[in-house]
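K.L.:
Chain by chain, the residues:
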Amino acid sequence: MTQTPSDPSDDARMDRETEDRLRRAIQPRTPALPPMRLAPSRPATRATLLFPLAAALLIGLALWAWRRSAHTDPAKLNSTVAAPELPANIPPLSIVDIVRDGEGFAAVARDYASLRVRLLRTGDAVDNWTVKDITATEFRVASGNTTVAMPAGVEPPALTEHRKSLAAFWAQGLEAGTLSEAERTRCALAAKMGDLMTVAALQSLATQTTLPSREFAVEALGCPTGLENLNALATQAGEGERSRRVLALQALGRIDSPLAETRLRELLSRRDDPLLYLTIEQVARKRDPLALSALQSLADDERIPDNARAAAAAALRAMTPEAR
Amino acid sequence: MTAFSSAESLIQEWHRRFGTRIGQLALFHLGRTADAEDIVQQVFLDTLEHLRRHGVDSVAKPQAYLQRVTRNACMDHLARRKRTNEVADPSALEQFEARPEAAAGESEAVLNATRSLSAAQREIVLMKVFQEFTLEEIADITGAPLGTVRSHYRRALQTLRETLPTDTDQDRP
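In order, the protein sequences belong to chains X and E. Under the numbering used here, the first residue of the first sequence carries the number 41, and numbering increases by one thereafter. Under the numbering used here, the first residue of the second sequence carries the number 3, and numbering increases by one thereafter.
Chain X with its partners taken away, still in its complex shape:
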């Protein structure tokens, strides 16, 4: 069990040699950091500085007491969780786009009843409404004796008001910490669906570090800081940037977030981009119905490279089986 004592100077020399050998052969992976962005729309940072710590503590205590009473007082709880409802005579649909679907047309719509983006065809049902007819410019839906015609991109003003009040309701509930689990899920679904009012409300909450719901907001948005960095990487041009761009595009494709879908959709407009085919593949992977008309146009565009055109056609086939 006895060990021969080694010469400390020998040990030190061997240590130095091993360290040098490591330094010569390998290096730690290093991210290319973007420039420091001071206070990237973090209003809370500056705001909190204006208040002394004691005042912040008092506000926190008051908020805690209020939340506690809201959770325990059934009357208050009910008044807090009642989400605004859309009048029954307004279809819960916002038509984003009308696309070719075989011989006829289909509509890409945000469905505020199920909170998801849907590809609607004649005969489909949405809540109490039935799709009656879709032409190149107009979408008609009926419920009982009421028929409503909706052009693509124009939604009923009542629906806009409803969306506005719904987003405000969710934001207030999240800020106060009183939003029920069911409403949190609906809020996250609305963001995922790409409802810009909800996304804007969540973005504002996500930057306020003092809020307990900040994490929820960031998760619902899919981590905006990382996304914007990825987007910057995915779009930068230059020698030797290809491999980084490929990785960034693939990462955007993997992230489950409406912002990632939006960024990828925007990238579809870069028709001279040699990585357009890869962008298209990521859009197809997300099965983003809002990108259908852009994909259709790419599949028909003979000026873009063959690989991109083929990718667009494949994406369309995968996303709309009837379009085969």
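Treat each hint with caution, since some may be false.
DEER-style ranges, computed between Cβ atoms [unchecked claim]:
no. : chain 1 : residue 1 : chain 2 : residue 2 : range
1   : E       : R19       : X       : M54       : 29 to 35 Å
2   : E       : N74       : X       : P127      : 47 to 53 Å
3   : E       : E134      : X       : L287      : 28 to 34 Å
4   : E       : P102      : X       : M54       : 23 to 29 Å
5   : E       : S8        : X       : D346      : 55 to 61 Å
Sample of chain X residues at the chain E side, in silico, Cβ under 10 Å [as the list claims (entries may be wrong)]:
no. : residue
6   : T58
7   : I66
8   : A291
Since the hints were derived computationally from the structure, they do not count as laboratory data. The beta carbon of each residue, even a glycine, is placed where N, CA and C say it ideally should be.
We have chain X; now place chain E onto it with these hints.
P.N.:
Just chain E, lined up with the frame of chain X:
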């Protein structure tokens, strides 16, 4: 307002001087570039807030302070990932990479040797060999006793020596 602007200029200066090392540490722990960039941004913003609240002289050893805060932020991030059952991307698990100018065989051998180290040993190797922290500073950053850090490092070097082929076995560049 003077305190704000000097805190801001100080943080910009620290970002310039220490950002790369902080990024290396974040990427070492998190594996994904986007996550590492997020954490670095967050760490510098939190530090800026700290400087504004407690004064620009409140951080005596900025590099060690930033390193410690980054490490803690990474641990929190990893715990969150675990809670949400996020699956790690296997390609993101490599913590070191070959130096472009080194001979491929030698880099591969050294990379293989580092894989035989424990996570704690690899972290200490990162900070001691590549970031040039002293063992005392590493103990301060990781919160581990100095003796533990010293013995981890000693064992790491010993393992590397035993695992690595002798220099003469390798092709020279």
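K.L.:
The structure should be examined with respect to each hint, and the outcome stated for every one.
P.N.:
Hints and how they fare:
1. E/R19 with X/M54: 29 to 35 Å: 32 Å, holds
2. E/N74 with X/P127: 47 to 53 Å: 51 Å, holds
3. E/E134 with X/L287: 28 to 34 Å: 29 Å, holds
4. E/P102 with X/M54: 23 to 29 Å: 27 Å, holds
5. E/S8 with X/D346: 55 to 61 Å: 58 Å, holds
6. T58: Interface hint status for X/T58: holds (5 Å vs cutoff 10 Å).
7. I66: Hint holds; X/I66 Cβ to chain E Cβ min 5 Å, cut 10 Å.
8. A291: 6 Å, holds
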